[in-house]
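A.B. asks: Sequence:
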Amino acid sequence: MHQPRTFLDNFFLVIKGLCMGAANKVPGVSGGIVAFVGGFYEEFIYSLQKVNSKAFKLLINGRFRSFYQYTNGRFLLLLIFGMLVSYFSVSRVLDYFLEQRELFVWASFFGMILGSIYYIFKDFHHWNKRTVPAGIIGLLIGISISFLSPATENDNLFFIFFCGIISVSGMTLPGLSGSFILILLGNYVLLLVDSVNALYDTFSEVFSGDFSFVKNPNRMETLKILGVFTLGSATGLVTFSHLLSFVLKHYKATSTAVILGFITGSLGVVWPWKRTMYKMDVTGNVLLDSNGDKIVLNYERYFPDLGNPETWWALFFVVLGILVLLVLDWYGKNRKERKQVRPTR
1 MHQPRTFLDN FFLVIKGLCM GAANKVPGVS GGIVAFVGGF YEEFIYSLQK
51 VNSKAFKLLI NGRFRSFYQY TNGRFLLLLI FGMLVSYFSV SRVLDYFLEQ
101 RELFVWASFF GMILGSIYYI FKDFHHWNKR TVPAGIIGLL IGISISFLSP
151 ATENDNLFFI FFCGIISVSG MTLPGLSGSF ILILLGNYVL LLVDSVNALY
201 DTFSEVFSGD FSFVKNPNRM ETLKILGVFT LGSATGLVTF SHLLSFVLKH
251 YKATSTAVIL GFITGSLGVV WPWKRTMYKM DVTGNVLLDS NGDKIVLNYE
301 RYFPDLGNPE TWWALFFVVL GILVLLVLDW YGKNRKERKQ VRPTR
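If you read the sequence shown in the UniProt record's numbering, its first letter stands for residue 1, the second for the next number, and so on.
Some clues are possibly wrong.
Mimicking DSSO-like on lysine-lysine, the simulated pairs with C-alpha atoms at most 27 Å apart in a straight line are [said to hold, decoys possible]:
hint, residue 1, residue 2
1, LYS252, LYS122
2, LYS274, LYS54
3, LYS224, LYS129
4, LYS122, LYS279
5, LYS215, LYS54
6, LYS249, LYS57
7, LYS274, LYS50
8, LYS50, LYS129
9, LYS249, LYS50
Since the hints were made in silico from the structure, they are not lab data.
None of these values were measured; they are calculated from a predicted model.
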């Protein structure tokens with residue numbers, strides 16, 4: 001049984017959902033890191049595992065209260081609510097800053113990942129002949145992924161469904177960015193920019209009483225793609241959660257070592273000082289995809305110029321990102337201490 005949460009705990013759970021949604025939107029950053037560092041990763045995975053045949057039987061039989069309790073409904077609803085709000089608010093703000101102040105966004109998340117590595121490492125005391133190789137394997141896979149080249153966009157619905165299954169890894173596997181995987185698969189812009197914006201515009205039109213979008217073939221096609229992607233994500237989320245709950249239950253130390261390696265390896269993806277390299281034709285013109293967006297080839301990383309004032313601002317945001325994780329650590333410790341000293345009646 002989960003200990004009852006206070007109003008403040010529930011509020012912070014929504015905030016954590018906001019953070020997970022925002023992190024999942026940024027290529028190279030994993031929402032799973034937020035769950036891991038926020039201290040609710042295992043509860044998140046085990047709650048998702050409860051979405052099984054027994055849960056569906058309770059739902060079909062009209063036993064909604066039992067379904068709600070069995071699946072840890074309040075926890076999942078508050079977290080998912082925060083993610084949904086994030087997709088239509090925080091993530092759109094992130095889109096703006098990634099366009100206008102890309103360096104500072106990368107620097108902030110780089111600092112947060114550095115802080116998360118410290119956070120996990122300081123409490124992990126199980127290094128042995130099994131966990132050390134597991135950590136190294138996780139590190140090598142994380143580094144290897146960061147140097148892969150992206151594919152071109154593909155709107156085939158079977159492939160979109162596959163993208164949904166794979167991209168959800170960013171929520172369930174800390175250090176493995178679902179957004180960055182979508183870039184490698186060539187469908188980041190289609191699925192996390194164009195589709196989300198189309199859904200946002202559709203909701204805005206519906207609330208204003210405008211249903212003309214049903215006559216817009218491009219909008220309807222984009223919404224269909226988003227629907228298939230969402231179905232794939234839900235399938236992947238439930239499937240991965242069953243696998244991860246088994247791994248966490250039987251191989252917790254080893255899986256934590258792999259996760260720590262993943263997160264450390266992902267630093268290469270979010271290294272702030274990099275130039276985006278676009279695919280070009282033989283004449284040197286940048287190639288565009290079917291939506292008119294530039295096709296990303298890869299990133300060219302470089303060391304910062306300490307004589308540039310912008311570099312020092314970026315370093316400030318790195319420190320700020322680390323401080324965010326330290327605050328989360330402080331809050332988590334205080335919450336545990338409050339529960340331990342809470343008087344019994």
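A.B. asks: Work down the list of hints and note, for each, if the structure agrees.
C.D. replies: Evaluation of the provided hints:
no.	hint	result
1	LYS252 / LYS122	16 Å, holds
2	LYS274 / LYS54	49 Å, violated
3	LYS224 / LYS129	49 Å, violated
4	LYS122 / LYS279	42 Å, violated
5	LYS215 / LYS54	41 Å, violated
6	LYS249 / LYS57	25 Å, holds
7	LYS274 / LYS50	42 Å, violated
8	LYS50 / LYS129	33 Å, violated
9	LYS249 / LYS50	15 Å, holds
In the structure shown, a violation is registered for the earlier hints numbered 2, 3, 4, 5, 7 and 8, in ascending order.
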